[in-house]
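Participant: Chain residues, written in single-letter form:
Protein chains: 2
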Amino acid sequence: MAQQQSSISDTQIQVLNEALEQGVSPQVSMMLNSLTSADIAHLLESSPPKVRTLIWQLLDKELAAEVLQELGDDLRQFYLEQMNVDEVAALTENIDTDDLADMLQLLPDTITRQVLASMDAQDRHRVEQVLSYPEDTAGGLMNTDMITVRPSNTLDVVFRYLRRHPELPEMTDALLVVNRRDEFIGVLPISKMLTTHPSISVREVMQTDIQAIPASMSANQVALLFERQDLVSAPVIDEEGKLVGRITVDDVVDVIREEGEHSLMSMAGLDEDADTFAPVMKTARSRAIWLGINLLTAFIASAVIGMFQDTIDKVVALAVLMPIVASMGGIAGSQTLTLVIRAMALGQIGQSNVRWLLSRECIVGFLNGCLWAIVVSIAAMLWFKDPIISLVIALAMVANLLVAAIAGAALPLLLKAMRIDPALAGSVILTTVTDVVGFVAFLGLASYFFA
Amino acid sequence: MAQQQSSISDTQIQVLNEALEQGVSPQVSMMLNSLTSADIAHLLESSPPKVRTLIWQLLDKELAAEVLQELGDDLRQFYLEQMNVDEVAALTENIDTDDLADMLQLLPDTITRQVLASMDAQDRHRVEQVLSYPEDTAGGLMNTDMITVRPSNTLDVVFRYLRRHPELPEMTDALLVVNRRDEFIGVLPISKMLTTHPSISVREVMQTDIQAIPASMSANQVALLFERQDLVSAPVIDEEGKLVGRITVDDVVDVIREEGEHSLMSMAGLDEDADTFAPVMKTARSRAIWLGINLLTAFIASAVIGMFQDTIDKVVALAVLMPIVASMGGIAGSQTLTLVIRAMALGQIGQSNVRWLLSRECIVGFLNGCLWAIVVSIAAMLWFKDPIISLVIALAMVANLLVAAIAGAALPLLLKAMRIDPALAGSVILTTVTDVVGFVAFLGLASYFFA
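Protein sequence lines correspond, in order, to chains U and Y. For the first sequence, my numbering assigns the number 7 to the initial residue and increments by one for each residue that follows. For the second sequence, my numbering assigns the number 7 to the initial residue and increments by one for each residue that follows.
It should be emphasised that the hints constitute simulated quantities derived from the structure, not laboratory data. Treat the hints with care, as some may be off.
Which copy? The list can't say, so a pair holds if one copy fits it or any two copies do.
[What the hints assert, rightly or not] Simulated pairs of lysine to aspartate or glutamate, DMTMM-like, Cα-Cα distance not exceeding 25 Å: (1) Lys67 with Asp236; (2) Lys198 with Glu99; (3) Lys67 with Glu233; (4) Lys422 with Glu51; (5) Lys422 with Asp279; (6) Lys422 with Glu278; (7) Lys198 with Asp105; (8) Lys198 with Glu72; (9) Lys288 with Glu278; (10) Lys198 with Asp236; (11) Lys56 with Glu93; (12) Lys248 with Glu210; (13) Lys391 with Asp316; (14) Lys198 with Glu176; (15) Lys391 with Asp319; (16) Lys288 with Asp427; (17) Lys422 with Glu264; (18) Lys320 with Asp392; (19) Lys248 with Asp102; (20) Lys198 with Asp162; (21) Lys422 with Glu233; (22) Lys198 with Glu173; (23) Lys56 with Glu87.
All values derive from a computational prediction rather than experimental measurement.
With the hints as extra help, turn the sequences into a complete structure.
Facilitator: As C-alpha cells, then:
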C-alpha cells in the first residue's frame with residue numbers, strides 16, 4: 007500500500023536537533039509529532055542517547071506505538087522493557103500479527119504470557135500460531151491477515167465480498183483460494199481479476215501451479231524464492247497443507263537487508279542489530295569480547311615467533327620482513343573466505359561444485375603466490391642483499407598463499423557443517439591459520455638455512 | 007505477480023551435473039528446458055565453466071533470452087558478448103524497458119546503437135529515456151510500462167478500461183493519476199478500487215499526499231524509501247513533474263541485495279558482481295591487484311620496523327611481541343570502520359551526530375585500550391620478566407586503539423567526501439595506519455627506554 011512518501015531530510019534532522027539542544031518547546035513537539043512513524047524511527051536510530059530520551063518523551067502515546075514497530079531490535083527492546091504490561095497490551099490493538107510476535111519475542115516470558123492473556127481469543131490464537139514457529143522461518147515471518155475465497159464463486163461475488171471490507175490487508179496482490187478443509191489450492195491474482203469478465207468463476211482463472219511455502223522453510227530460503235520469482239506475497243502452509251498465513255515482500259526486504267548486514271558485521275565481530283548510537287559502556291562491553299578473542303590468537307602468533315628467537319637474534323632482517331608473509335596470507339585467505347560465504351548465502355554451493363571451487367582456489371592461490379613471491383624476493387634482495395632471505399621469503403609466500411586458499415574455502419564449509427556461523431568465526435580462525443603458517447614457514451625455513 | 011514457485015533443489019542440481027558429466031543426452035536437454043528461467047540462471051551461476059558451456063548449448067533460444075535477464079552482470083555480459091546484433095535485437099521483443107536498458111549498458115556503444123536502430127520508434131524512445139539516466143539512479147531503475155488514468159473518470163470506467171488489457175504490468179498495486187500535461191497528481195491504489203463503489207470518481211479516492219520520486223534520486227535512497235514505507239511500486243517524475251515511469255519492489259530488492267554484498271565484498275577487495283565460479287585465470291588476475299596493493303602497505307609496515315632494527319637486535323623479545331599491538335589496532339579499527347560504513351549506507355550519519363559518534367568511538371577505544379593493555383602487560387611480564395617491555399606494550403596498546411578508533415570513524419567520512427568508496431579503500435588504509443602506529447608506538451617507546 008502506498009503511504010505518505012515525504013521522507014525526513016538531513017536538514018530537518020539538523021533543525022530538530024538544534025531545537026532539542028535549546029530545550030523542549032511546544033513547537034519542537036508539534037514538529038516531531040507531525041512526522042511519519044518511519045521517519046521518527048529513523049531519527050531515533052540516528053540520535054545519541056540524550057536526544058533519544060527527549061524525543062521519546064515528546065512523542066504522543068499512539069504514535070510511539072507505531073514508531074516501536076519500525077525500530078531495530080536493539081532499540082525496540084530498550085523501550086519495550088521500560089513499559090508495563092498494560093502499555094504493551096495497549097500496543098497490540100492495531101498491529102499485524104507478525105510484527106506483534108516479533109515484539110513479544112523480545113520480552114520476558116512472564117510479560118508475554120500476561121499480554122497474550124489480555125487479548126481476545128481469536129487474536130491470541132493467531133499470535134500464538136506465529137509464535138509457535140522460530141523467528142527465522144517462514145512461519146515466523148508470516149502474517150495471518152489475509153483474504154481467502156472458494157473456487158466455486160464467480161468473480162462478481164468476490165468483487166462484492168471485497169467491497170464489504172473497509173480496506174484490504176497490506177500488499178494484497180492476490181487472494182488465496184482454499185477448499186472446505188482450509189487446504190490451499192491456488193491463488194487468484196488481483197491483476198487477473200481486473201482483466202477478466204466478472205461472470206467467470208474463481209476456479210477458471212485461479213493459478214494452481216503455485217507451490218505454497220512450508221512454514222518450516224528458513225527465512226533465507228524464503229528471501230531467495232521472493233528474489234528469484236519477483237513475488238509480492240506468497241501463501242504459507244503447515245505440514246498438512248492447510249493455509250496458515252502469507253508472507254509479504256516488505257518483511258522479505260528486511261530479511262535481505264539483515265542478511266547482507268549480518269555477513270558484513272559478523273566478520274568484524276559485530277552484531278547486525280547493533281545500535282549505531284549505543285551508549286559508551288554498552289559499546290565498550292560488546293567490543294571487548296571480540297578484542298579478547300583476537301588477543302588470544304595474537305598471542306598464538308607470538309608464541310610461534312617466540313620459537314624462533316635465536317634465529318631472529320642472528321638475522322634481525324627476518325623480524326623486519328616477517329609480517330609481510332603473514333599479512334599477504336591473511337588478505338588472500340579473506341578474499342576466498344568472503345567469496346565462499348557470499349556464495350553460501352546465495353545457495354550456490356553444493357556437493358556438485360565444491361570440489362571444483364576448492365581446486366580453483368588452490369590454483370589461484372598458487373599462481374598469485376608465485377607472482378608475489380617473485381616481486382617480494384626481488385624487493386628483499388635489493389633491501390638486504392642476502393640471497394637466502396630472498397629465497398626463504400619467496401618459498402614462504404607461495405606456501406602461505408596456498409594454505410590461505412585452502413583454509414579460506416574449506417573453513418566456512420566446515421564451520422557450517424558444525425553449525426557455527428562462518429561469518430563470525432571464519433575470519434578469526436583464518437587469520438590465526440595464516441599468521442601461524444606464515445611465521446612458521448618463513449622463520450622455520452630461515453632457521454633451517456641459517457642454522 | 008505470482009509465478010510458478012517450484013524451485014530447483016540441490017539434489018536436482020546434483021542429478022543434472024552427473025547427467026552432464028556422462029555426456030549430453032536428449033533426456034538431459036528435456037530436463038533442463040523444463041526448468042524456470044530463474045532456476046536455470048541459478049544453475050549457471052552455480053556451475054564451473056565447462057558445465058556452463060554444456061548447459062548454454064542445450065538451452066532453447068527463447069528460454070536462453072529469459073535466462074539472460076536473470077543472470078548477474080558478469081555472466082550476462084559474457085554471453086551477450088558472444089551474440090551478434092541480430093540475436094541481441096531478437097531479445098528486445100519480450101523484455102521490460104529497465105531490464106533491456108541494463109543489458110544494453112553492458113554492450114559496446116556500437117552494438118547498442120545498432121540494436122536501438124532495429125527497434126520501433128516508440129520502444130526505442132522508452133529505452134533511450136531509461137538509458138539517459140545513470141544506472142544507479144531512480145531513472146535507471148524505473149520501468150516505463152504503467153497504467154495511467156485521469157482524475158475525472160469514475161472507477162467503473164477504469165474497471166472497463168483495465169478489462170481491455172490482456173494483463174496488467176507486473177506488480178501493479180496502484181494506477182497512476184496524471185493531468186492533461188502528463189504531470190503526476192496522485193495514485194489510485196488497486197485495493198482502494200476494490201473496496202469502493204464503482205460510481206465514485208478517481209478524484210474522490212485517489213491519494214494526493216504521495217511525493218513522486220525524482221528520476222535523479224540515487225538507487226540507495228530509493229531503496230531506503232521503499233524499506234521505510236513498505237512500498238510495492240512508486241511513481242518517478244522528471245524535473246518538470248512529468249510522470250516518466252515507475253519503480254517496482256523487485257528491482258529494489260536487487261539494489262538492497264547488491265548494497266549488502268557491495269560492502270562485504272569490497273572490504274575484501276572483491277567486486278560484488280564477481281562470478282563465484284569464474285575460470286582460474288580471470289580469478290587470479292582480479293585478485294592479484296588487491297594483493298599487490300596490500301603488499302605495498304606491508305612493505306610500509308616493514309620499513310617502519312626496519313627503522314628500529316638496532317633496538318630489536320638488542321631486545322629480541324620485541325620482535326616476538328610486536329605483532330600483537332598492530333593486530334589489536336587493526337581489529338579495533340575495523341570494528342569502528344564497519345559500523346560507520348553500515349551507518350552511512352543506512353543514511354544514519356549527518357552533521358548533527360557525527361561529533362558524538364567520533365567522541366564515543368574515542369572513549370570506547372581508550373577504555374578497551376586500557377583493559378587489554380593491563381591484560382597484555384601482565385602476560386608479557388610473566389613471559390619475559392621485563393617490566394620495561396611490559397610497560398612499553400601497555401602504552402603502545404592504548405595509543406594504537408585510540409588511533410584505530412579515530413581512523414576507523416574518520417576515514418570513511420573523509421573518503422566519502424573525496425568520492426572514494428569507503429568499503430573498498432577503507433580497510434587497506436586503516437590497516438596501514440594501525441600497523442604503522444602500532445609498530446612506531448611499540449618499537450619507538452622501546453628504543454627510547456632501552457637506548
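Participant: If a hint holds in the structure, say so; if it does not, say that too.
Facilitator: Tested hints:
no. : hint               : in the structure
1   : Lys67 with Asp236  : between (37 Å within a copy, 23 Å between copies)
2   : Lys198 with Glu99  : between (33 Å within a copy, 23 Å between copies)
3   : Lys67 with Glu233  : between (37 Å within a copy, 24 Å between copies)
4   : Lys422 with Glu51  : between (32 Å within a copy, 21 Å between copies)
5   : Lys422 with Asp279 : both (21 Å within a copy, 24 Å between copies)
6   : Lys422 with Glu278 : both (19 Å within a copy, 22 Å between copies)
7   : Lys198 with Asp105 : between (30 Å within a copy, 23 Å between copies)
8   : Lys198 with Glu72  : between (34 Å within a copy, 22 Å between copies)
9   : Lys288 with Glu278 : within (15 Å within a copy, 33 Å between copies)
10  : Lys198 with Asp236 : both (17 Å within a copy, 23 Å between copies)
11  : Lys56 with Glu93   : within (23 Å within a copy, 62 Å between copies)
12  : Lys248 with Glu210 : within (22 Å within a copy, 40 Å between copies)
13  : Lys391 with Asp316 : both (21 Å within a copy, 18 Å between copies)
14  : Lys198 with Glu176 : both (18 Å within a copy, 11 Å between copies)
15  : Lys391 with Asp319 : both (18 Å within a copy, 18 Å between copies)
16  : Lys288 with Asp427 : within (23 Å within a copy, 29 Å between copies)
17  : Lys422 with Glu264 : both (19 Å within a copy, 23 Å between copies)
18  : Lys320 with Asp392 : both (14 Å within a copy, 21 Å between copies)
19  : Lys248 with Asp102 : within (21 Å within a copy, 36 Å between copies)
20  : Lys198 with Asp162 : both (13 Å within a copy, 17 Å between copies)
21  : Lys422 with Glu233 : within (23 Å within a copy, 30 Å between copies)
22  : Lys198 with Glu173 : both (19 Å within a copy, 7 Å between copies)
23  : Lys56 with Glu87   : within (18 Å within a copy, 57 Å between copies)
Taken one by one, the earlier hints all hold for this structure without exception.
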